[in-house]
Amino acid sequence: MTSSLYFFYTRLRREEKLLFQAAEDLGIPFESVNVRDLTFPDHLKLKENDVAVCRCVSHVQNLALARALESKGVRTVNNSKVMDVCGDKIATAALFLEKNIPQPDFKVAFSPEGAVEAAEKMGFPVVFKPATGSWGRLLAKVNDIETAEAIAEHKSFLGPHHQVFFIQKYIEKKGYDLRATIIGGKAVSLIKRISDHWITNTARGASAEGMKLGEDLKKFTGQIAQATGGDFLALDLFESDGGWLVNEINGQPEFRNSINTTGVDIPTIFVEYAWQLTKNI
Amino acid sequence: MVSKCTVCEGNVTIPENAMEGELVICPDCGTELELVTMDPLTLEEAPEVQEDWGE
Numbered sequence: 001m002t003s004s005l006y007f008f009y010t011r012l013r014r015e016e017k018l019l020f021q022a023a024e025d026l027g028i029p030f031e032s033v034n035v036r037d038l039t040f041p042d043h044l045k046l047k048e049n050d051v052a053v054c055r056c057v058s059h060v061q062n063l064a065l066a067r068a069l070e071s072k073g074v075r076t077v078n079n080s081k082v083m084d085v086c087g088d089k090i091a092t093a094a095l096f097l098e099k100n101i102p103q104p105d106f107k108v109a110f111s112p113e114g115a116v117e118a119a120e121k122m123g124f125p126v127v128f129k130p131a132t133g134s135w136g137r138l139l140a141k142v143n144d145i146e147t148a149e150a151i152a153e154h155k156s157f158l159g160p161h162h163q164v165f166f167i168q169k170y171i172e173k174k175g176y177d178l179r180a181t182i183i184g185g186k187a188v189s190l191i192k193r194i195s196d197h198w199i200t201n202t203a204r205g206a207s208a209e210g211m212k213l214g215e216d217l218k219k220f221t222g223q224i225a226q227a228t229g230g231d232f233l234a235l236d237l238f239e240s241d242g243g244w245l246v247n248e249i250n251g252q253p254e255f256r257n258s259i260n261t262t263g264v265d266i267p268t269i270f271v272e273y274a275w276q277l278t279k280n281i
Numbered sequence: 001m002v003s004k005c006t007v008c009e010g011n012v013t014i015p016e017n018a019m020e021g022e023l024v025i026c027p028d029c030g031t032e033l034e035l036v037t038m039d040p041l042t043l044e045e046a047p048e049v050q051e052d053w054g055e
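Quick mapping for you: the protein sequence lines, in order, are chains A and B.
Sequence positions in the first sequence follow this note's numbering and run 1 to 281.
Sequence positions in the second sequence follow this note's numbering and run 1 to 55.
Calculated from the structure, these hints are not laboratory results.
Since this is a predicted model, take the numbers as computed values, not measurements.
By construction, the Cβ of each residue, glycine as well, lies at the ideal position given by its N, Cα and C atoms.
Hints may contain errors.
[Stated by the list, open to error] From the derived model, a few chain B residues whose C-beta atoms are all more than 10 angstroms from chain A:
| # | residue |
| --- | --- |
| 1 | Lys4 |
| 2 | Gly10 |
| 3 | Ile14 |
| 4 | Glu16 |
| 5 | Pro27 |
| 6 | Asp39 |
| 7 | Pro40 |
| 8 | Asp52 |
[To be verified] Computed Cβ-Cβ distance ranges for the label pairs, DEER-style:
| # | chain 1 | residue 1 | chain 2 | residue 2 | range |
| --- | --- | --- | --- | --- | --- |
| 9 | A | Glu172 | B | Leu41 | 29 to 35 angstroms |
| 10 | A | Ser207 | B | Met19 | 50 to 56 angstroms |
| 11 | A | Gln276 | B | Leu41 | 35 to 41 angstroms |
| 12 | A | Gly123 | B | Lys4 | 54 to 60 angstroms |
| 13 | B | Val36 | A | His197 | 31 to 37 angstroms |
| 14 | A | Glu239 | B | Glu32 | 35 to 41 angstroms |
| 15 | B | Asp39 | A | Gly114 | 39 to 45 angstroms |
| 16 | A | Glu239 | B | Asp28 | 43 to 49 angstroms |
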């Protein structure tokens, strides 16, 4: 039986439109499905071994969608285990720790008092990060204990997701970080994200420029991709005095700023990869 | 295709190749609108960014 390729989405970002356009240009048949119109199990008519690219902008929705599809034997991209790890910074940090992948020092605390104590032990400045979230939202750089106390108290009123405190050592990254896009376990592009602000997300106004992938970064990103196991990832990297550190992994990458800056046709490479998955099953 | 902004009732031009889920900006009031159905053409105010949105 022939497998089919599906793209699931909620909000049509530039990325989703680029993926659809790439599939059309390649003559690859696909179906795009707005998740808003679906219920499970009646509307998910995919069959075993179909390939579903999950591109919901909401992590919670994307994870639920992937789990529902996987229960029917559908090959999801990324799969729910990868989404789980990438969508939770504590799970990501724990994976890096287990696999001995260099990352900024971190602590996880389970009470506001524990968070303040952990931050003080790590030494300021530190960064309080929500376990779930993206685009630089709700990050707090904390330079002293008084601010740590204030942030911890404020977070204690923000609901259950904020009652586990993820605290990372602040890395002086000299005004930039790196973003590597990974397809099928290999880095295909690398950009430098530059900002005067300590948050270097392009969603927060950082500028991007293309970079060549050196052997050291090919090796480092390959190690992270192997540990994570995803099909389509974006890695955020810092250069520290002690070498490269991985800061985060993104499991539903946005890549619009990595195309013109590098000349790498990410949508075409990814769609060809996803189409190949329908043949390999 | 032209539709009406749900906030100011200004005319909003919808691109020919538009799809469900696409965002358009009202040229009159600047509201971000989401194209929720194509047939009939329906616009709603786009939801605010949620805590779990992103990459």
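Each hint tested on the structure:
Against the 10 angstroms criterion, Lys4 of chain B stays outside the reach of chain A, whose nearest CB is about 21 angstroms from its own CB. At roughly 22 angstroms, the least C-beta separation between Gly10 of chain B and chain A is larger than 10 angstroms, which holds for a residue marked as non-interface. Its beta-carbon lying about 13 angstroms from the closest one in chain A, Ile14 of chain B satisfies the requirement of being farther than 10 angstroms from that chain. For Glu16 of chain B, the requirement that its beta carbon stay farther than 10 angstroms from each beta carbon of chain A is met, with the minimum near 14 angstroms.
Look at Pro27 of chain B: its CB is around 19 angstroms from the nearest CB on chain A, clear of 10 angstroms, so calling it non-interface holds up. Residue-level check passed: Asp39 of chain B sits 12 angstroms from the nearest beta carbon of chain A, beyond 10 angstroms. Distance to chain A confirms Pro40 of chain B as a non-interface residue, since its nearest Cβ pair spans about 15 angstroms, more than 10 angstroms. At roughly 4 angstroms from the closest C-beta of chain A, the C-beta of Asp52 of chain B falls inside 10 angstroms, breaking its exclusion from the interface.
Checked against the hint of 29 to 35 angstroms, the pair Glu172 of chain A and Leu41 of chain B fails, with Cβ atoms roughly 51 angstroms apart. In this structure the hint that Ser207 of chain A and Met19 of chain B lie 50 to 56 angstroms apart at CB is violated, the actual value being about 30 angstroms. Hint check: Gln276 of chain A to Leu41 of chain B, Cβ distance near 37 angstroms, so the stated range 35 to 41 angstroms holds. Checked against the hint of 54 to 60 angstroms, the C-beta distance between Gly123 of chain A and Lys4 of chain B comes to roughly 57 angstroms, which is consistent with it.
Between Val36 of chain B and His197 of chain A the C-beta distance comes to about 35 angstroms, which sits within the given range of 31 to 37 angstroms. At roughly 36 angstroms, the beta-carbon separation of Glu239 of chain A and Glu32 of chain B lies within the given 35 to 41 angstroms, and the hint holds. Look at Asp39 of chain B against Gly114 of chain A: about 55 angstroms separates their beta carbons, and that is not inside 39 to 45 angstroms. As the Cβ distance of Glu239 of chain A to Asp28 of chain B is approximately 47 angstroms, the hint placing it in 43 to 49 angstroms holds.
When the structure is compared with the earlier hints, violations turn up for hints 8, 9, 10, 15 and for no others.
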